[in-house]
Structure formats: structure tokens, C-alpha cells
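2 protein chains.
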Amino acid sequence: MAGENGEVVRNKQVIFKGYVSGFPKETDMEVRESTMKLRLPEGSNGLLVKNLYLSCDPYMRTRMAKLDFLTYVDSFRPGSPITGYGVARVLESGHPNFKKGNLLWGITGWEEYSLITAPETCFKIEHTDVPLSYYTGLLGMPGMTAYVGFFEVCSPKKGETVFISAAAGAVGQLVGQFAKLFGCYVVGSAGSREKVDLLKNKLGFNDAFNYKEEPDLDAALKRCLPEGIDIYFENVGGKMLDAVLLSMKIHGRIAACGMISQYNLQQPEGVHNLMNVVFKGIRMQGFLVFDYYHLYPKFLEKVLPQIKEGKIVYVEDTVEGLENGPAALVGLFSGRNVGKQVVVVSRE
Amino acid sequence: MAGENGEVVRNKQVIFKGYVSGFPKETDMEVRESTMKLRLPEGSNGLLVKNLYLSCDPYMRTRMAKLDFLTYVDSFRPGSPITGYGVARVLESGHPNFKKGNLLWGITGWEEYSLITAPETCFKIEHTDVPLSYYTGLLGMPGMTAYVGFFEVCSPKKGETVFISAAAGAVGQLVGQFAKLFGCYVVGSAGSREKVDLLKNKLGFNDAFNYKEEPDLDAALKRCLPEGIDIYFENVGGKMLDAVLLSMKIHGRIAACGMISQYNLQQPEGVHNLMNVVFKGIRMQGFLVFDYYHLYPKFLEKVLPQIKEGKIVYVEDTVEGLENGPAALVGLFSGRNVGKQVVVVSRE
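Line order of the protein sequences matches chains A and B.
Each residue of the first sequence is one higher than the one before, counting from 1 in UniProt numbering.
Each residue of the second sequence is one higher than the one before, counting from 1 in UniProt numbering.
Hints are not guaranteed to be accurate.
[To be verified] If you want a taste of the chain B side facing chain A, the calculated C-beta under 8 angstroms gives, among others: (1) His272; (2) Met275; (3) Phe279; (4) Gln285.
Hints were generated in silico from the structure; no laboratory data involved.
Since this is a predicted model, take the numbers as computed values, not measurements.
Every residue gets a Cβ at the ideal spot worked out from N, C-alpha and C, and that includes glycine.
Please construct the entire structure, taking both the sequences and the accompanying hints into account.
Put into C-alpha cells, the structure is as follows:
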């Protein structure tokens, strides 16, 4: 339950301790108790919110480093709470789009209560007949990433072959289901037998393999996709990308969504087979999901009925409590999570 | 002069001796004299042609290897003449598109006389008030590559920054001029002071550098393009691509036209900075020029007046005689040529 307006409440926070190199560790963050006065500052057009669910996303790793290249995100601020996508309840609003009691998803803090200073980047949650946590995944940024990555970036055609790496993750599991429903032949890779089983038996993939048990990724791809790959949905980078390039077909498309295998390396692996991009007329495209957020209503219109009809399912991996957030976030990089990693701050 | 119809003539040929690994050498080819009867085989719908100009193009290197990946070209056949783009005069036609005396450009053999068995892939030359050799370059495949690569693949906007590697080559020099005329800021790299001088003083580039004299490509790019790169026209691959990725701007585009620095390596160099594709929403696109050949009339309509008005110039590096063809072709890979490398077989 939210405190009374103006009340001073405990505000547990996950503090970013300092820039990280190599694999992030739980100890790169610290859970700390602070306090917060539940009142919007005078004249603020922001939102005072109570955080309910937080999203663990691989891109957050880049924000743990001091960014030395032009990009669209900032580094986390040492000494401040980390920030990321989440679901929250509005306690007080200074912005015309929101009023007290609304639910929203968008960028918030890893803490119990946050002041959101850019409410125009948040989405009001109108449909609450699905699990609210879905707005960190299926119905939030990862869902939109899967949707626009597949339908807008990959230019799919029925009957094409689709390969997805990190296929049991927050985005991959959806790309696979979208591609299957669309009429493609879908193969995924993941990092455990449990995940491969999930892909084949719950998520409807045509085939899947455990990359950790494949001594030769090129051979694994040629076994599962002997005719080659029309579309690669890239979530991991490095050796997998190098192997995939060999199997790509002429006019193939690669949605470069993520490269999780590379984020913790001091020197990213070299990719040697890019000549295939030239000789096969391949389009490899990175994309910034927020460039496509105007499509969110269209996305909801398509996906909400599919959820209700059971045509799309979603696997979440949930931890309870902010204090378990750091371990959950760090776990992404060893593939500990099975499905979308969510941190429950409060079920209200 | 062509021989009489039915006459048996000498036919000098450049024979491909066998598959090449590493840098190609002149001795991978052999100039041999054979004979040819100047008559189209009974019932053939091909063309009997006299070759005039032959084009040396970097992609031909890939045809010297036994190709072990799916692509759109075949390897050269050991023991047969190498083939490539050229300009030729029709001596006898079995195809309705062509008649005796027509000039054409398209795929022909490295020999004095050829039988073209796929005339539908050849273009009739209608405009002869420009140097005929231009149809191996500016007005042929490389010109179309520059045109569609820049206008169709790069989605340029006025005022954007464009970087071109191998900028003094057959394609690069045109991309630079197209981009300048379009209103972009254009920087090129090349492999000698002479070429850099050409870029700056004859071809109208805003700036240029000699990559062989730059110990740090990243620094060279940041010096010439401190605000970053919107469009990279990629002709070389490897280390240059890796450096460019660091300077690419958000929503940047890379036309992956060629990777000449990689064609002779047993193991292509690793490219480490592909995460930039993800984080900056970069589109990197290979393209097959013949997918765009339907635009050739539009291209001519645009470019022919620009040539006549002196708005576009074209630098050719010409050798005389088929016997000098192997050295010219091999020279591409050490950057010996300045501008488009042409082999003159006959000026008729």
C-alpha cells in the first residue's frame, strides 16, 4: 500500500556502485534503505510513482560501463539507483497524460518509490486483464522489440526460415511465436536442455539446439536448417553470428537486436565472415525500439487477442523483492534465467 | 577489324589456370592463342562478339577460388578463359535484342572473340558520344553499383556526412561525386598520396586521407569527421570497417559494396565493433547490383547530362592488349591502379 501523500516513507534502493568491467557481479550494486517524501516537488510536471515490477534487460549491461561511443543511453550514475523499464502505480501526477491511480510502464528507478521526470516516455496501462508483469516483457519494451524487429526490420515472407539466438529469452521466445504464427519455419538456440525443451514443446519452435553442447555451430545450423537461413534474429553476436553468416541465404536479413555474449568482454570477439553480407546482398540492421513506439497501439491490438486465445504464451522468471534484483540482473549474463527475468518490488 | 563471317581467326585468350589461394599472381593466368570460327552455332540464340574493352573488378577475386558458400557467381573454370564485364561489338546475333554491328556491355570472355550465351543479361550501348570504355566503369556495372549503392541503399539526406573507402577506385570516385552533387560532406580514403590528391583536387571530395600513412584509423576518421559518419560506403572491410563503426552516428547506414582488403586472406580479419550496429540502430546492407538493373535507363538519363556538363568526371587506368590483362587484374589487389582499371583488347 502506498503511503499518504506527503508522508515520509522508507525507500529501498538498488544503488549502482561504480563502472563495471568484465562480468557484472552482485557486489557492483548495493541495496540501501533511504527515505522519500511522497510529494511531487512544487511545479514539477513529473510523476511520483510506486514501483511494482522491474525488468532485467541485457542492454542494461552497457549502462554499467563508462560509455565511450555515441549512443542513445547514458551510463548509470555511480551512487544513484540504477534505472530501467518497470511497471508502476501513479501516486501523484504533474503531467496531463496521467492521474493518481493510473498504472504505467516505462523507465523508472530500481527502488520502491520514484520520481519520474520524463512522463511523456511512459505508457499508460489500459488493459489489466493480463498479468501486470507482462508490461515488463510481452507487452512492454521486449515485446515491442520482438514485434518491430520481426515485422518491421526482417521483412518476413511466409515459408521463410528463421533462426533466433537466445531464443528462450524475453525477446527471442516472442520472435519465435510471431514467426510461427506468420507461417515461417523457426529454429532457436539456447544455453540449456531445459530451455531447448521449452522452445520445442511449449513455444512451438520447429527445432532448437543447445549451443553449449554443439562443438561446431556451423554444423548445428546446417543440420537444423540445411537449406539456409532467410532471417536471423540476432541476440548474442560473436561466434554465433560468424556461424550464421555462413548459412545465410542470398537476400537474407539479420535483425541485430542484441549481442549479449559480447557485453562483458574487454575486447569483443572478431567476426570474420562479413564478406557474406557483401556477396549475398544481406541486410543487417540494428534498430532502436523507441523509434517504433508509435506502433504500440497497433501491436496491442494484434497481440492482446492472441494472448487471450492462448496463441501466444509467455515464460517469465520472477524473483521477489528488490534485494534479489542485483542477482537477477547479473544472472542474465550467465543465462540463469529461463524466460523473461522480472523483479517484483510490490504486488501492492 | 572483324574477320569475315565464317572465317577462322586467331583468338588470344586469358586462361584461368587453377584455383587461387592468397594473393593472385599473373602466373595464375596464362595468355594463349587459340582459333575461333566466326560463325554462330546452328540454332544458337547467343551472340558472336568481338571484345573491345574488359573490366578489372575486385569481385573477380572471389571467382578465382573454389566457392564454398552460397552466392550468385560461379568460380572460374580452370582451363577456360576468365570472364567478366566488357564492351563488345556484335558480329552475329541469334537474339532479337541485338543485331550485327551493335555495341553492348555485359559479361563476356577475356579473349578477342566470344560467344555470349546469355544475351538477355547484356545491355545495348545506345550512346556513343562518350568514351566506349566508360561502359566498363562509369556507365557500366561499377557506375550502377555506385548509383544504386548510394541512392537506393544509403538513403542519403542533404547535409549528411559520407565516408568512402577505396575512394579513388572505379566505384568510390563516383559515389563521392554523386554524394557531393547531392549535397553531402564527403571524405574518402585511398592508398597513396597521388590518389588522395586526386580525390581532393580533381574529384571534389571535401577531405581525404592515405590510410597507409595513418597509424590510427579511428583517429584519422575523427580528425576528418569529428561529428561522426552518417553514411559509410564500404569497399574494403577489415580494420577500416572496425574503425568506421566507432565513428558511425545513430541511424547510420553502411552500404557493404566490397571488402577488397579481405579477399586474399586465408582467414579474414575479425571485426570487433559490431555492437555499434545494435546500439546505434545502424543498417549495414549488402546489395547485388543486378537486382537494380531495371533502373539503368533512369541512371543514364541522370548521368549522361552530368558527364556532358562536366559535373561528373571519371578517372581510368588503361592497359593496352589482352596480354597485359593478368597484371592489370592482379594489380587491383595491391592498389596499383589509379581509377577504374580497363584492359583494351581492340580499339577496332
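Going through the hints against the structure:
Taking 8 angstroms as the C-beta contact cut-off toward chain A, the hint placing His272 of chain B at the interface holds, the least distance being around 5 angstroms. A distance limit of 8 angstroms between C-beta atoms decides the matter here; for Met275 of chain B the minimum to chain A is near 5 angstroms, and the interface restraint holds. For Phe279 of chain B, the shortest C-beta to C-beta distance to chain A is roughly 5 angstroms, which falls under 8 angstroms, so the interface hint holds. Restraint check, Gln285 of chain B versus chain A: the minimum CB separation of about 5 angstroms is within 8 angstroms; hint holds.
Going down the numbered hints, you'll see the structure goes against none, and every one checks out.
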